[in-house]
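4 protein chains.
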Amino acid sequence: MSYRELKREVYEANLELQSKGLVIYTFGNVSQIDRQKGVIAIKPSGVSYEQMQADDMVIVDLDDNVVEGSMRPSSDTKTHTHLYRHFEAIGGVTHTHSTYATAWAQAKLSIPCLGTTHADFVHGEIPCTAEMTQAQIERDYEQETGVQITDCFKQRDPMASPMVIVAGHAPFTWGESAAKSVYHAVLLEEIARMAYLTRTLAPSGSLLSQAILDKHYLRKHGKNAYYGQSS
Amino acid sequence: MSYRELKREVYEANLELQSKGLVIYTFGNVSQIDRQKGVIAIKPSGVSYEQMQADDMVIVDLDDNVVEGSMRPSSDTKTHTHLYRHFEAIGGVTHTHSTYATAWAQAKLSIPCLGTTHADFVHGEIPCTAEMTQAQIERDYEQETGVQITDCFKQRDPMASPMVIVAGHAPFTWGESAAKSVYHAVLLEEIARMAYLTRTLAPSGSLLSQAILDKHYLRKHGKNAYYGQSS
Amino acid sequence: MSYRELKREVYEANLELQSKGLVIYTFGNVSQIDRQKGVIAIKPSGVSYEQMQADDMVIVDLDDNVVEGSMRPSSDTKTHTHLYRHFEAIGGVTHTHSTYATAWAQAKLSIPCLGTTHADFVHGEIPCTAEMTQAQIERDYEQETGVQITDCFKQRDPMASPMVIVAGHAPFTWGESAAKSVYHAVLLEEIARMAYLTRTLAPSGSLLSQAILDKHYLRKHGKNAYYGQSS
Amino acid sequence: MSYRELKREVYEANLELQSKGLVIYTFGNVSQIDRQKGVIAIKPSGVSYEQMQADDMVIVDLDDNVVEGSMRPSSDTKTHTHLYRHFEAIGGVTHTHSTYATAWAQAKLSIPCLGTTHADFVHGEIPCTAEMTQAQIERDYEQETGVQITDCFKQRDPMASPMVIVAGHAPFTWGESAAKSVYHAVLLEEIARMAYLTRTLAPSGSLLSQAILDKHYLRKHGKNAYYGQSS
Chain A
1 MSYRELKREV
11 YEANLELQSK
21 GLVIYTFGNV
31 SQIDRQKGVI
41 AIKPSGVSYE
51 QMQADDMVIV
61 DLDDNVVEGS
71 MRPSSDTKTH
81 THLYRHFEAI
91 GGVTHTHSTY
101 ATAWAQAKLS
111 IPCLGTTHAD
121 FVHGEIPCTA
131 EMTQAQIERD
141 YEQETGVQIT
151 DCFKQRDPMA
161 SPMVIVAGHA
171 PFTWGESAAK
181 SVYHAVLLEE
191 IARMAYLTRT
201 LAPSGSLLSQ
211 AILDKHYLRK
221 HGKNAYYGQS
231 S
Chain B
1 MSYRELKREV
11 YEANLELQSK
21 GLVIYTFGNV
31 SQIDRQKGVI
41 AIKPSGVSYE
51 QMQADDMVIV
61 DLDDNVVEGS
71 MRPSSDTKTH
81 THLYRHFEAI
91 GGVTHTHSTY
101 ATAWAQAKLS
111 IPCLGTTHAD
121 FVHGEIPCTA
131 EMTQAQIERD
141 YEQETGVQIT
151 DCFKQRDPMA
161 SPMVIVAGHA
171 PFTWGESAAK
181 SVYHAVLLEE
191 IARMAYLTRT
201 LAPSGSLLSQ
211 AILDKHYLRK
221 HGKNAYYGQS
231 S
Chain C
1 MSYRELKREV
11 YEANLELQSK
21 GLVIYTFGNV
31 SQIDRQKGVI
41 AIKPSGVSYE
51 QMQADDMVIV
61 DLDDNVVEGS
71 MRPSSDTKTH
81 THLYRHFEAI
91 GGVTHTHSTY
101 ATAWAQAKLS
111 IPCLGTTHAD
121 FVHGEIPCTA
131 EMTQAQIERD
141 YEQETGVQIT
151 DCFKQRDPMA
161 SPMVIVAGHA
171 PFTWGESAAK
181 SVYHAVLLEE
191 IARMAYLTRT
201 LAPSGSLLSQ
211 AILDKHYLRK
221 HGKNAYYGQS
231 S
Chain D
1 MSYRELKREV
11 YEANLELQSK
21 GLVIYTFGNV
31 SQIDRQKGVI
41 AIKPSGVSYE
51 QMQADDMVIV
61 DLDDNVVEGS
71 MRPSSDTKTH
81 THLYRHFEAI
91 GGVTHTHSTY
101 ATAWAQAKLS
111 IPCLGTTHAD
121 FVHGEIPCTA
131 EMTQAQIERD
141 YEQETGVQIT
151 DCFKQRDPMA
161 SPMVIVAGHA
171 PFTWGESAAK
181 SVYHAVLLEE
191 IARMAYLTRT
201 LAPSGSLLSQ
211 AILDKHYLRK
221 HGKNAYYGQS
231 S
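Protein chains in written order, with full-length UniProt numbering: chain A, 1 to 231; chain B, 1 to 231; chain C, 1 to 231; chain D, 1 to 231.
This is chain A alone, in the form it adopts within the complex:
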């Protein structure tokens, strides 16, 4: 894939953030990796969705050096590259401050699996990271945001749980491509909204049973999946 094509796909995925109502002004950013070339394309920092052009996407290598582009890349770039270095199966990353997912992040709570809408897409709770320490903030804030995330996935498959919420901050999602990571950002926001409503309606309600959780996840994912047209 040429840089031009990579930038076009990332540009369109960023615009999708806005058309799905997940971002206002310059909030949010999406990237996609070309594993062969070892580079990502990512949204430039602080540019509005209305003004942005495909060619404004910035090409950055996995050591955070700008390879092509006249603009400064997203201030969250080091979080993205950290995720690409540690999650080898992912092809795209999305960061938003979508309202309900951010409310869970601000409450510093993982999102429990309360229903099949959640279980259809994520195998278990959506983890909330630990809070960052003063030492981490001073070391390298954006890189350490990535560390907080990957620390949650030591015992967890990032492709079976393609989303996380960063304590006090907001969500990150990923997938096989930029477009798939945006799809997961939209699903997370809806799951977070349903979980908010469920918890405020019935604060001590029980979780979805593990049996139904497994059933719903596995009818959509894995070798015996039977949802959809592909098989």
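Some hints could be false.
One copy or two, either will do: identical chains are not told apart, so a pair holds if it fits within one copy or between any two.
[Said to hold, decoys possible] Cross-link-like lysine-lysine pairs, in silico, PhoX-like; alpha carbons within 20 angstroms at most:
#, residue 1, residue 2
1, Lys180, Lys220
2, Lys220, Lys78
3, Lys215, Lys20
4, Lys215, Lys78
5, Lys37, Lys78
6, Lys20, Lys180
Read the hints as simulated data drawn from the structure, not as lab findings. These numbers come from a predicted model, not from an experiment.
On the provided structure of chain A, position chains B, C and D as indicated by the hints.
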């Protein structure tokens, strides 16, 4: 009615789900039965509303065999056919994960009748099914979802309460046709939203009196109804 | 004003209910009175906003007799005529099931005056009626709904508090014209939403002080008003 | 800048209030100052956004005298001029009754800093003023609203916290220009909404750590800022 006409009506009812804001991506499905031919038309599994064509609807008999169509029917097909076999008066079935109705399902709570908006359309509470057991899940998950629903209607007329919420999952609604089942899905979402707001505002508030509940239901339904233009 | 003009104004006010997002399907109804002729025009019962024509509005006298029109008037007509008979200064009446106002009605709570947005338009709390008794329901449900409302205004000026919520049911609003009653229905929904958010955020928060309440109401109403361009 | 240009900018900023969904009917008002000429342009009182023309904006001096314009200026004008007299760095002021910010005002609570979305734009909590006394209301209500606001900023830099909520009333925001003050009004509403959701989900949750709060504010503001393209 020809298969072509049946598929057209089901296709339009599915599109209505999206235009009313009840579904995102491939969520949800609507079916309609031709009682004379003993077949239903239903949305194909995992196809987005943007790409779907009328001819993609799948014709299935009441034993869940595909009669016509090149695509796989909705993964929830067995729940639909179970309902058609047990509720003889119904002509259409809708399944969504609409936000507020799903929050009640996730809270595993029936929706109490708190006001006349509810009583205008449903005669009594909107039941929440029991949770499914491990044995049921292993036997036949989608069929057993239907069993959970029909178990709620042993003492209840499904035409006077054309909606249910499945514990941990989401709502199903029905009616004389696919279009009428979608209409009930929209009403359920609004009733669920009002009930959520009422309960979080006044957690220990009282129910609507049985007298007003009966009055409102009966001024719209039954032989002495006087709402609307038909009589 | 001719019947034709009266029906046109009522028709447009009904459409405004839909464009402001206060109603779905056939919910809601608006009327306006011609005091000289002693008749009102009102929405026909159970007709959708898309299909409705100006000429479908029904002309009814204050004894609830249809004077002109081929359709049946709104099932709530007797509540409207009761209000016109008892509130001599009003020219239009609106009934909706708008979401937040209906949640307060279902909670059977008056809306306390918590801020200046409320005080700008209503001088004091927005009353919630008493619940209707079985005897009232059997006597004449729609007429008695009017009685429940006027009973709240024995010590209150209906023009200084142009809105009410009926316990277990939904709001009614009024004003100098049909259009003004719809304006009050929109304001009520916004006031009800803000009050819901305030109460769920701070359940034991204090009311707006009487001094600010009076100040805001009186800077917009009465002989010393100084808001707006007319004076 | 000519009066004509000043009025044009203020007119467009007022329209932006409506297109961002912060106001209904005649709610809200925006002004901008020309420091050299010592005048502001402000929305006229009680005029709807649909009818308003650029030339309807009113030119007022800092002693609240109308300098140019045939309409009466916003009833909140004295609050605006008080802010311009006391906050020397500001160029524009916005007042709305946006829903979530107003709910915090009605709850008479400052908005605590719960996450980085807040810290990106405001350095610390968003203060809620004290309630106004009877004596203040009688003296000069709109002027004293300004006093309540500036009293919150004796120890606080108004440019680092460009927003406030007035107890029992609603928010005011400001910035270098009218457009920037509207931008802050939109951000405040989103911050207020997220904080509402966070507090109702986890009423006793902890604040954002001071270290992250400082980090986020300072990566966007001050001499070492590295967000965006300008530097």
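Violated hints - listed by number, lowest first: 3
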